[in-house]
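Engineer: Working from the sequences, and respecting the hints, build out all of it.
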Amino acid sequence: MSPLQLCLLLSSLLFCVGLVAAMARSNAILVLLGVELMLNAANINFIAFWRYGPNPEAGTGVLFVLFSIAVAAAEAAVGLALVIAVYRHQKTIRLASINRLKG
Amino acid sequence: MLGSGILKGLAVTAKNFAGSFYDPERMATVQYPEERAPLGEHYRSFPLLVCENAADPLGTLRCVACTICEKECPPQCIYIEKSKDKKPDATGKPQLYPVIFTIDTAVCMGCGICAELCPFDSIKMDKVFEVTATNRFTGLLLERDQLAKSNAYYHSIRPAEAAEVDARLAAERLAAEEKAKAAALAKAAAAAAKAAAAPPTTPPSAA
Amino acid sequence: MSTPAPTAAPQPFPAAGNISDADRENLRRNGVLLTSLEELYNWGRSNSIWPLQFGLACCAIEMIAAATARFDIARFGAEIFRPSPRQADLMIVSGTVTKKMIPQVVRLWNQMPEPKYCIAMGACAISGGPFKQGYNVLKGVDRFIPVDIYIPGCPPRPEALLNGLMQLQKKIRGEHLTGPDAAKHTRADAPSEYAVPTCGAHDIEPTHNPAVWTPPVPLGRLGKG
Amino acid sequence: MESLEQIRDRLLARFPGATITLVPNPGPAAEHTISLDNAHAFEIARFLRDDPALQLDYCSNVTGIDWPEKEIVETKKVSVADPAGGPAKVVEEKTKRIEPGRLEAVYHLYSMALRHGPVIIRLRTGNRSDQVTVPSLTPVWRSCDFQEREIFDLFGIVFEGHPNLRRLLMWGDFKDHPMRKDYVEPDDYEWEPTPHAEVLERAQAHYPSVTPGVSAPAQVEAKP
Amino acid sequence: MSAYAMAVAGSEPFLERAPLLLRDAFVQLLPAPTQWLVHHLITIVAILAVFGLFFAFTTIAERKLLGRLQNRRGPNRTGVPQFSILPWRFKHTLFGLSQPFADAVKALTKEDIVPAAADKLLHFLAPVLVVAFSLLTFAVLPFGRNLIPVELDSALLYFFAAGSATELTIFMAGWASRNKYSLLAAMRALAQVISYELPLMLSVVPVVLVAGSLSTREIALAQGGWTFGIIPHWNVFTPWGFAGFLLFLVAALAESNRSPFDLPEAESELVAGHLTEYSGFKYALFFMAEYFGLTALSGLGITIFLGGWQAPVPFLGFVPSYAWFMLKLVGMIGFFIWVRGTLLRLRIDQLTRLAWQFIVPLALINLLNAAFWSLTRDWTGALQLVRWVISAAIVVGPFVLLGRKLNAGRAPRTYRYATS
Amino acid sequence: MSPAAPTQAPAPFGAPSGPTVRTVTDAFHGDLLEVSMGPQHPSTHGVFRMDVTLDGEVIVKLKPVFGYLHRNHEKIAENTSYLASMPYTDRLDYLCSMSTNWAYALAVEKLAGQAVPDRAQYLRIILAELTRIVNHACLVGFLFNDLGTSFTPLLYAFREREKIIDLFEALSGSRMMCNYQRFGGCRIDPSPEWLAAASRLVDNFPRFLDEYERMLTGNEILLARTQGVGRLKAANAINAGITGPVLRAAGVNYDLRKVDAYGFYSRFDFRVPLGEHGDTYDRYMMRILEMRESVKILQQAFRDLPTGPIMDPKAKIRGFRPKAGEAYGRLESPKGELGFYLLSDGTPNPYRYRVRPPSLINLTLLEEMCLGHTVADAVVILGSIDIVLGEVDR
Amino acid sequence: MTLALILLSVLILGSAIVALSLRNLIHSALLLVACWAGIAAFYLWAGAEFVAFAQGLVYVGAISMVVLFAVLLTRQGTASEPLGFASWQRFILALVAGGGVAGILVGAVLGTPLTVTTPGPVPVLTVKQIGAQLMGPHVVALLVVGILLTVSLLGAVVLAAEENVKSPEDEV
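Residue numbers (my numbering), protein chains in the order written: chain A, 78 to 180; chain B, 34 to 240; chain C, 13 to 237; chain D, 2 to 225; chain E, 2 to 421; chain F, 2 to 395; chain G, 115 to 286.
Mixed in with the good hints, there may be bad ones.
Quick list of in silico lysine-lysine cross-link-like pairs, DSSO-like style, CA-CA up to 27 Å [stated by the list, open to error]:
{"hint": "1", "chain 1": "D", "residue 1": "Lys-97", "chain 2": "D", "residue 2": "Lys-77"}
{"hint": "2", "chain 1": "F", "residue 1": "Lys-164", "chain 2": "F", "residue 2": "Lys-297"}
{"hint": "3", "chain 1": "B", "residue 1": "Lys-160", "chain 2": "C", "residue 2": "Lys-183"}
{"hint": "4", "chain 1": "C", "residue 1": "Lys-182", "chain 2": "B", "residue 2": "Lys-160"}
{"hint": "5", "chain 1": "B", "residue 1": "Lys-104", "chain 2": "B", "residue 2": "Lys-120"}
{"hint": "6", "chain 1": "B", "residue 1": "Lys-104", "chain 2": "B", "residue 2": "Lys-117"}
{"hint": "7", "chain 1": "B", "residue 1": "Lys-48", "chain 2": "F", "residue 2": "Lys-164"}
{"hint": "8", "chain 1": "D", "residue 1": "Lys-182", "chain 2": "F", "residue 2": "Lys-324"}
{"hint": "9", "chain 1": "E", "residue 1": "Lys-92", "chain 2": "C", "residue 2": "Lys-182"}
{"hint": "10", "chain 1": "F", "residue 1": "Lys-324", "chain 2": "D", "residue 2": "Lys-95"}
{"hint": "11", "chain 1": "D", "residue 1": "Lys-78", "chain 2": "F", "residue 2": "Lys-324"}
{"hint": "12", "chain 1": "B", "residue 1": "Lys-104", "chain 2": "D", "residue 2": "Lys-182"}
{"hint": "13", "chain 1": "B", "residue 1": "Lys-160", "chain 2": "F", "residue 2": "Lys-259"}
{"hint": "14", "chain 1": "F", "residue 1": "Lys-234", "chain 2": "F", "residue 2": "Lys-259"}
{"hint": "15", "chain 1": "B", "residue 1": "Lys-104", "chain 2": "F", "residue 2": "Lys-315"}
{"hint": "16", "chain 1": "C", "residue 1": "Lys-183", "chain 2": "E", "residue 2": "Lys-92"}
{"hint": "17", "chain 1": "D", "residue 1": "Lys-71", "chain 2": "F", "residue 2": "Lys-324"}
{"hint": "18", "chain 1": "D", "residue 1": "Lys-176", "chain 2": "F", "residue 2": "Lys-164"}
{"hint": "19", "chain 1": "D", "residue 1": "Lys-77", "chain 2": "F", "residue 2": "Lys-324"}
{"hint": "20", "chain 1": "F", "residue 1": "Lys-317", "chain 2": "B", "residue 2": "Lys-104"}
{"hint": "21", "chain 1": "F", "residue 1": "Lys-324", "chain 2": "B", "residue 2": "Lys-104"}
{"hint": "22", "chain 1": "D", "residue 1": "Lys-97", "chain 2": "F", "residue 2": "Lys-324"}
{"hint": "23", "chain 1": "B", "residue 1": "Lys-41", "chain 2": "E", "residue 2": "Lys-92"}
{"hint": "24", "chain 1": "F", "residue 1": "Lys-164", "chain 2": "B", "residue 2": "Lys-41"}
{"hint": "25", "chain 1": "D", "residue 1": "Lys-90", "chain 2": "D", "residue 2": "Lys-78"}
Only some residues are given here: those of chain B computed to face chain C with a beta carbon under 7 Å [what the hints assert, rightly or not]:
{"hint": "26", "residue": "Pro-108"}
{"hint": "27", "residue": "Thr-138"}
{"hint": "28", "residue": "Ala-139"}
{"hint": "29", "residue": "Val-140"}
A few chain G residues that face chain E, going by a derived Cβ cut-off under 7 Å, partial list only [as the list claims (entries may be wrong)]:
{"hint": "30", "residue": "Ile-140"}
{"hint": "31", "residue": "Glu-163"}
{"hint": "32", "residue": "Leu-171"}
{"hint": "33", "residue": "Gly-175"}
{"hint": "34", "residue": "Met-179"}
{"hint": "35", "residue": "Leu-186"}
{"hint": "36", "residue": "Val-236"}
{"hint": "37", "residue": "Val-238"}
{"hint": "38", "residue": "Thr-240"}
{"hint": "39", "residue": "Val-241"}
By construction, these hints were calculated from the structure, which means they are not laboratory data. For glycine and all other residues, C-beta sits at the position ideal for the given N, C-alpha and C.
Structural biologist: Structure follows, in structure tokens:
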């Protein structure tokens, strides 16, 4: 198996771990972390293809990952702020219990 | 401007830092075991018993076991047992003496009330403070012979006070001697007078 | 002072410098390496005694004074007063230990890691001192925790505390790792946790820890009025 | 400031049903006291605080005092007529009277606004066992808070209306009131090395095991 | 030709080359396949040895300096152990300089207590990781002209990535101890790192802008040379550099949890904060990591603002560069100790407010300032003066305004007196 | 809110067993953390304990717990003679034994109607003001320690304290426990050298104060940490019986040296500084300004010190037995109104002996002052009240 | 090289799986930090130095802190609520879905003929080049990301800020 395939396998498995967590866990924070993992899995793909792609000098993969990291940071910040805000009103971070969104 | 107060503070500590190298006003440390700051004139640590003669400390104690100190001691750290017999004290008058005189330095608060109230100038406050022990029952319980310190030692720690006490005692002794002399004289005179007046039939009751 | 107090109770601490018979015996028994190790160990511990930042009453002020510029306990490497018992080597019981306080004191002592030492500073900590007649005052902290050095005085001068610290250093330097006279903290049978008394309806229970303290035989002077 | 008599008269006029007595102080300090009855004490205290002429806005000191039951022997000289018909003889007659015990709370009031004082008021309980309630003045002067708690702790006076009447100095499970005159201290006396006889006896009662040969006296006193 | 090759080739003074020559001589002795490994191992061991010793002497220096600031002497009578097998006695106390070794012996032999309720694994991992992370940052610091352990293109990024992990370990320590004070300390550590990571980086960015590189080596190199042969071209001697340096100092103090920002370990409030439940050697490890972190941040500050290993005056150029670096390091540490001996602690909300309302805006303005500075590189003569004035104005104005806003409503007061 | 167990004090460091973090919910706040600060805590100035409930770091409830240093001073005093209580009063407020001595002597003199010679009155004022300086300087040092300095101001204060303590030792024989006042005068007459040394020290003291203030007063961090923190309103303070610098920081002009004019204070020219905001900064500044006024009083006292006896010749040291009666004597100790209430039944022992401790009563409003502030502020507010546990718990 | 990759993969996947199945949220978050660090190590392995450090900085240095902060702030919510999986049905459903996706992806990866089979030399991409790329062709994206970050920062502040509580210092 080539390293590229290994990378891609790693990426897809990581994606699935994140997916299962995001679907199965009841805790909002953990769901958010699952989504973060899925983003990370995508980043691994970018890097793998940049590394083994035809034109590494362009650095497009790297740049994409940088942007993706920035987006992930923004997502984490807003997501966790949401969790805290919801928690403050409803005293829970169980997603199933957060069924109404007005204050 | 923001930060000026902080800078001033930094300047003061810097001044103290520099001063600690040359300014004895600022470098306050007295390196204890080797150097010692002088103790205050009236400094008091624990009580001691003054005796007249260092060679025979227990024989020449000024203490007459009056137990005033035992009663007045606020934390009750003095224990005295009086003797059954009498011994001549410093002035030669027969007095009781303490058979047991114990002070528990583990309890003593060093207030000096015992020394203040002692009418015989016997109990005084020492200046020794470097006392440590590893057992409080054997190390800190002072018996009569440990408490007895000579008058010379008392002079060495509190010269002015000791001199005053000595002068007073000497005066008292002188007065007592004179009184005794006068009494003896009077007795002799009386005896002479009596002898002169009539042959004695009964022993003089004044004795 | 011109004459040392007779109470100083000179303890046979072997001096580090001169090789005494006991040291020779120790050398023979333990071998050079272990003895040197022991000396290194004791040197390190005796020069790095960090007291617990723990003041109870009046003596605490003199304890602080001992850390200030005039007396400077730092010269002995002991100025790092740790607020947490986990990092302290020495508990200076400075002041009156009340019955309400003794459970906390014992708990603090239990929280300190071995090897640990205790100095009872001042009359109150030693025996209850002037307040021993009080109903809420413990008559000596050594009823519940073992005390290594007693410093009498009310309060002792800071110099007296420094003197006590030096005595403690001497004691640490004389400790052995092995043998019949091994230091307490090296022995497996020595207690590391001490019983914490509870505050009962009329008094603390128990009033003393028999494992630490037994009342001595009294002088037998019963009968004085 | 008005004299204490004037204050008393004003109080009596204002609170007609109240029992207000002056307690004289025979000592040189001559700080006399007003004694209040428990039913009106709270209202009177509020009046003392708010009255514009007094404005006793500052309660400095609150003290508890224990007066145990006391036997008072009064000697009275009575002239007894001689049954034989002679001149009347003066005979000392002794009457024994048991003064009931009570607890007392003393409040020292000052005025910070008018800078005068002290006006001292006393509250008394009925006895020392079951009628130990007096009204709390903490709602009037916040400074009584800890001091009344302390008196509750050490003397056992129950202050009715105190917002948080718990023991202050002793621990919560403690049962006794140590500042009472008949409090028996726990017998854990240190006898060594101050072997005053009474101490030694109690100590031996406490540690019979370490004094072989000396019979331990019976438990000295039963704990209250 | 790389700097390393140049150095070995001998175009530099001997002292400058000595450490490298020593290493190479040793590496040459070994078989070729292991040489790269030994090469790096030697670097690691050298860092551990030098900075381990430096740590030891920092602690004793701190205790002695604080002592002097407080008009006392500090530890001065430790001496050496008296071994009874030796025939002579060494009586000198060595001015107490052996104190850290006594402390080390004690800390090593102290009982290690793990609270029963603690999270055992994290409780153990925290002190280990904290030292590891704080040591990682040393990898990119140029200790001398040729002494840079790892030459990275994006060294500064690496530095901050490794440095930020230490706060995570503080959190671990605080949380794993299961102690209320430790928990509060953990929360404080998190709040502090979230607030001060950004200011620290922002205070460094102007240098990156002017130097045009993230490499510490190039930043240090760029500060060579002297104006008029006296004033070195260090960044701190420019208006934006000076402002950046001050901001960096504040942020570095906060990042390394030193007074006045020692909130996680606030003795008077939280007992010992996250360290409350640590004893013996684990505690010593935290202590060590704190000083390593401080040293690393000082090293960074020296590299980017104080000219790195550059000599301050040309005629002292013969002194080897690593000596200059160490001297500056000692100076920086001394300054930190001085600050610790003087200042009091901020409160946590004031700490975050200071970061967000004062340091971050000022750092952003300073970034503009640096941009202005690099745009006006070719202004000379009288224009140079104008450039200085404008650049200074750009930072001083906002500093005064923001400072006034931060301190609004607070000033020393005057009091009235009553005479009756 | 779950009730705190009042009987068994929780371990100061969270005992190893049992859950340490207790989550409490009520209708208004989120997760509350109950922390027991003390009795062993670096900033509780002894064995004081605060049971604090925190929301984040903000205090929502604070209950002081006392009694860890309750050493039965009053009970002991009722079982012993009047004179024997004098050394015990040293140990009440162990930072200012001279003024505590005086307060007790004042009450006994009032009880027995005892006169005091002029020289003794002046000496008492000198010693009380020196004590005030010692206390305030040390307090500022301790306060700054609570604020997080590394002991530096405290050590500077103690450097100056040692000089004054040396004077006390030379005069009375002990550094802290002076036991100097007697009913009807003082124990030892100071020598002229002592007076000269004391006067010199007092003249030099403002230099130290200037330096101290330069180091501390304008510090921006200090301003931020203390201004607006722990406000106390004048009306509340009066009602809660708060006295001393804490009261005057709230703007109430009530200084017993002026109000009662005990001793010879009416002969001295000094001013009483008054605060405006009643916050921690005002309380700190009150101390600094009072030290400056004390220096003024001391300079006047050294100038006017009369000659004469220091002890009323009619005074009786042993077997002192006041007539039946009661008296309440009070004076302005450095911490506030220190009072002694004595009830005599004509025996050698007081029937009732009571200390009115300013430290205890000044704590009455601690909770109100701390609510809404953080833990860090609570520590500072407690420090600024200036308590000494020997007096709080007695 | 491949061995290192396999080890890294095991580390990343293992820590991720364990992290997301733990009941203790703090442990989860800390293990995820290990996972992210592993991913950063993977980037290093792949030669993307800059990205690796950026990953470390953002994930280990920032996001982990925010996550821990959120966990601590919602402590009570985690203490009183069941922390495990929402329900067994959901868990099985998620497992099935995840497994399905995994199967498809793995199949696709293994089944696709990739042109690159042997790794080439590690491409050199200096910071300068990245900078030039960012400021050149990708400047619009950079600006958009900048705006996004600013907006999200403000949004997070607004969301997480408490209702304006009056501080006791402000009252007069």
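Engineer: Hint by hint, note whether the structure agrees.
Structural biologist: Going through the hints against the structure:
1. Lys-97/D / Lys-77/D: Holds: Lys-97/D and Lys-77/D sit about 11 Å apart, inside 27 Å.
2. Lys-164/F / Lys-297/F: Holds. Lys-164/F to Lys-297/F sits at ~18 Å (cutoff 27 Å).
3. Lys-160/B / Lys-183/C: holds, 26 Å
4. Lys-182/C / Lys-160/B: holds, 24 Å
5. Lys-104/B / Lys-120/B: Distance of about 23 Å is within 27 Å: holds.
6. Lys-104/B / Lys-117/B: holds, 20 Å
7. Lys-48/B / Lys-164/F: Holds. Lys-48/B to Lys-164/F sits at ~20 Å (cutoff 27 Å).
8. Lys-182/D / Lys-324/F: holds, 21 Å
9. Lys-92/E / Lys-182/C: Distance ~16 Å between Lys-92/E and Lys-182/C Cα, so the pair holds.
10. Lys-324/F / Lys-95/D: holds, 25 Å
11. Lys-78/D / Lys-324/F: Between Lys-78/D and Lys-324/F the Cα gap is close to 26 Å, so the pair holds against 27 Å.
12. Lys-104/B / Lys-182/D: Since the Cα atoms of Lys-104/B and Lys-182/D sit roughly 22 Å apart, the hinted pair holds (cutoff 27 Å).
13. Lys-160/B / Lys-259/F: violated, 41 Å
14. Lys-234/F / Lys-259/F: Holds: Lys-234/F and Lys-259/F sit about 22 Å apart, inside 27 Å.
15. Lys-104/B / Lys-315/F: Answer holds: Lys-104/B to Lys-315/F is near 23 Å, not above 27 Å.
16. Lys-183/C / Lys-92/E: holds, 19 Å
17. Lys-71/D / Lys-324/F: Holds - the C-alpha atoms of Lys-324/F and Lys-71/D are around 20 Å apart, at most 27 Å.
18. Lys-176/D / Lys-164/F: Violated, because 47 Å separates the two Cα atoms, which is more than 27 Å.
19. Lys-77/D / Lys-324/F: holds, 24 Å
20. Lys-317/F / Lys-104/B: holds, 17 Å
21. Lys-324/F / Lys-104/B: holds, 22 Å
22. Lys-97/D / Lys-324/F: Distance ~25 Å between Lys-97/D and Lys-324/F Cα, so the pair holds.
23. Lys-41/B / Lys-92/E: Since the Cα atoms of Lys-41/B and Lys-92/E sit roughly 42 Å apart, the hinted pair is violated (cutoff 27 Å).
24. Lys-164/F / Lys-41/B: Within the cut-off at roughly 26 Å; holds.
25. Lys-90/D / Lys-78/D: holds, 10 Å
26. Pro-108: With Cβ-Cβ at 4 Å, under 7 Å, it holds.
27. Thr-138: Cβ of Thr-138/B sits 4 Å from chain C, so the hint holds.
28. Ala-139: holds, 4 Å
29. Val-140: At about 5 Å, which falls below the 7 Å cut-off, the nearest Cβ of chain C leaves the hint on Val-140/B intact, so it holds.
30. Ile-140: holds, 6 Å
31. Glu-163: holds, 6 Å
32. Leu-171: holds, 4 Å
33. Gly-175: This interface hint holds because 3 Å falls under the 7 Å limit.
34. Met-179: holds, 5 Å
35. Leu-186: Hint holds; Leu-186/G Cβ to chain E Cβ min 6 Å, cut 7 Å.
36. Val-236: violated, 13 Å
37. Val-238: violated, 9 Å
38. Thr-240: Given a least distance of 5 Å, the restraint on Thr-240/G holds.
39. Val-241: holds, 5 Å
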